[in-house]
Amino acid sequence: MSYYDIDSILTDAQKLPCTFELEVPGLGILEGNPGDNIKAGTRIDLPLWLGEMLSIGARLGTSRLVTLDIPSALSERVMNALKADPRTVDLRALAPHFYSLSERVLELFEEEEMVDVLINTFKKRASEIADHAHNPKGALGDGVEFLRGLDETERQLFRVAHDSAKETRIWAGEAKKR
Amino acid sequence: MAFPLPRGITPPEISFLAEMEMVTILPRQRLEGLELLGGPVEPLLPPRRASLPLWLALLLKRQRRANILPPTWLHPESLSLILEIETQHHEYQHAFSPPPPLPGQPSLRDRGQRPVAVPRYTPDGGRYYPAPPFLPQNVAQDHVPSGEPPSLPFHWLEVGTMLLDAASDDLVDPDQTRRLLKELREVRTAKIRSGVDVLDVASTGGGGVALTGVGAMEVGEGRGFIAGVVDGLRKIGASKEQARREQMAEDMANGGYDATQDDDDDMEF
Chain S
1 MSYYDIDSIL
11 TDAQKLPCTF
21 ELEVPGLGIL
31 EGNPGDNIKA
41 GTRIDLPLWL
51 GEMLSIGARL
61 GTSRLVTLDI
71 PSALSERVMN
81 ALKADPRTVD
91 LRALAPHFYS
101 LSERVLELFE
111 EEEMVDVLIN
121 TFKKRASEIA
131 DHAHNPKGAL
141 GDGVEFLRGL
151 DETERQLFRV
161 AHDSAKETRI
171 WAGEAKKR
Chain V
1 MAFPLPRGIT
11 PPEISFLAEM
21 EMVTILPRQR
31 LEGLELLGGP
41 VEPLLPPRRA
51 SLPLWLALLL
61 KRQRRANILP
71 PTWLHPESLS
81 LILEIETQHH
91 EYQHAFSPPP
101 PLPGQPSLRD
111 RGQRPVAVPR
121 YTPDGGRYYP
131 APPFLPQNVA
141 QDHVPSGEPP
151 SLPFHWLEVG
161 TMLLDAASDD
171 LVDPDQTRRL
181 LKELREVRTA
191 KIRSGVDVLD
201 VASTGGGGVA
211 LTGVGAMEVG
221 EGRGFIAGVV
231 DGLRKIGASK
241 EQARREQMAE
251 DMANGGYDAT
261 QDDDDDMEF
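Taken in sequence, the protein lines are chains S and V.
Going by full-length UniProt numbering, the first sequence opens with residue 1, and the numbers climb by one from there.
Going by full-length UniProt numbering, the second sequence opens with residue 1, and the numbers climb by one from there.
Be aware that a few hints might be false.
Unchecked claim - Below are the EDC-like pairs computed for lysine to aspartate or glutamate, each with C-alpha atoms no more than 16 Å apart in a straight line:
#	chain 1	residue 1	chain 2	residue 2
1	S	Lys15	S	Glu31
2	S	Lys124	V	Asp165
3	V	Lys182	S	Glu174
4	V	Lys235	S	Glu107
5	S	Lys123	V	Asp231
6	V	Lys235	S	Glu112
What the hints assert, rightly or not - Derived CB-CB ranges, DEER-like:
#	chain 1	residue 1	chain 2	residue 2	range
7	V	Leu102	S	Phe109	25 to 31 Å
8	S	Phe109	V	Thr212	37 to 43 Å
9	S	Val144	V	Ala210	31 to 37 Å
10	S	Ala93	V	Trp55	16 to 22 Å
11	V	Met248	S	Glu145	40 to 46 Å
Because the hints were derived from the structure by calculation, they are not lab data.
Glycine residues also receive a C-beta, built at the ideal position from the N, C-alpha and C atoms.
Model the full assembly from the supplied sequences, consistent with the hints where possible.
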């Protein structure tokens with residue numbers, strides 16, 4: 001994760017459900033009513049970077065401004081689906097940067113079980129990705145459905161695996177260059 | 001990030017490195033000795049065998065000045081034996097067939113013995129312990145030491161493919177050899193793929209995964225994917241790892257843990 005990493009910038013922009021604990025004057029613009037106040041108890045989806053900053057009081061022990069919630073992409077329902085079969089879940093529809101998002105969320109919340117579920121998911125899906133990447137037809141085979149559901153991290157993994165398999169095939173003379 | 005090539009080395013580069021391997025040839029013409037950067041080449045006298053780097057051997061073969069004697073492992077019998085080990089042997093269901101033993105390493109049958117490193121000496125008398133690629137693993141052997149199962153050298157895929165390409169008429173039954181090489185490659189690729197399951201060991205601090213017996217081209221092919229998976233697992237497990245470290249530090253502070261294990265903080269892949 002570096003300063004110029006587009007993926008980490010895009011991860012920062014993903015929404016996190018936040019509940020305001022205090023009334024904030026003039027911040028109604030977040031809710032779509034410019035000029036109004038935000039009432040205590042309002043639930044708004046805020047970008048990760050903003051929510052993280054606003055909730056910082058919670059960690060310092062002072063009165064917090066917002067409380068964070070686990071985003072819907074990592075909800076109990078999704079975790080159960082991932083436990084049942086990691087391969088059938090469309091991660092991209094949940095969040096385009098699913099793993100980077102969960103990485104950041106896991107920094108904020110302590111969820112031992114979620115770590116285990118995600119690690120298992122990543123492994124299962126990675127071996128599936130490797131299978132598809134070695135298919136010389138690329139992403140056009142019968143795995144389209146699965147490959148469309150890959151999140152950004154997994155797409156990069158697929159690209160790397162596919163490219164190296166292709167390079168090796170070109171070297172061995174089994175495939176033509178381009 | 002602007003560098004266009006992926007991390008690691010590309011297949012042509014790997015096969016370039018494999019061309020440094022020594023092979024045995026049977027020259028058809030005389031050739032005076034050559035002073036090469038990699039060391040002198042003895043003069044070639046027709047009925048006598050000589051060891052040359054693979055690239056020179058291939059060059060001479062293309063010019064019809066020499067015949068290449070295939071290495072012992074590139075024989076259909078040896079290959080089918082290795083294939084049998086890879087597929088049938090229960091100990092190697094998920095592992096790769098063992099690489100050729102290093103000098104001094106006990107062979108498979110007496111594995112209880114401790115390895116004794118065998119030094120060699122440079123012309124100046126300096127002592128060194130040779131390891132691949134400076135061990136001749138691809139030269140033809142007249143007598144195979146009995147009880148020594150054939151094994152695939154580090155550059156098996158590259159050397160095998162190049163010899164099949166350029167010197168197929170020197171090999172014993174090239175079609176069968178080609179088929180066996182392809183089968184071996186498929187079996188081993190499947191093993192690398194199924195190895196993803198154990199990679200989370202490598203992503204936690206201090207863990208590792210043995211890649212003993214994996215060839216150069218296979219490492220090169222799998223590098224991007226495996227490094228990517230380990231990196232992803234490390235990122236997801238970062239919070240758990242953090243908790244584990246804190247727990248460890250706490251235990252250490254309480255004195256219930258003898259501080260022999262050194263804590264390396266930033267294990268980056």
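The hints, checked one at a time:
1. A C-alpha spacing of about 14 Å is found between S/Lys15 and S/Glu31, which places the hinted pair at or below 16 Å, so the restraint holds.
2. Annotation: proposed proximity of S/Lys124 to V/Asp165 is violated, straight-line Cα distance about 38 Å (limit 16 Å).
3. Between the alpha carbons of V/Lys182 and S/Glu174 the distance comes to roughly 11 Å, so the proposed pair stays at or under 16 Å and holds.
4. A C-alpha spacing of about 10 Å is found between V/Lys235 and S/Glu107, which places the hinted pair at or below 16 Å, so the restraint holds.
5. A distance of roughly 12 Å separates the Cα atoms of S/Lys123 and V/Asp231; the hinted pair therefore holds under the 16 Å criterion.
6. Among the hinted pairs, V/Lys235 with S/Glu112 is consistent with the structure: their alpha-carbon atoms are about 14 Å apart, no more than 16 Å.
7. Against the hinted window of 25 to 31 Å, the Cβ-Cβ separation of V/Leu102 and S/Phe109 comes to about 50 Å, which falls outside the hint.
8. Take S/Phe109 and V/Thr212: their Cβ atoms lie about 40 Å apart, and the range 37 to 43 Å holds.
9. A C-beta distance of roughly 36 Å is found between S/Val144 and V/Ala210, which places it inside the suggested range of 31 to 37 Å.
10. Between S/Ala93 and V/Trp55 the C-beta distance comes to about 52 Å, which lies outside the given range of 16 to 22 Å.
11. Checking the proposed 40 to 46 Å range against V/Met248 and S/Glu145 shows it holds: the Cβ atoms sit about 43 Å from each other.
When the structure is compared with the earlier hints, violations turn up for hints 2, 7, 10 and for no others.
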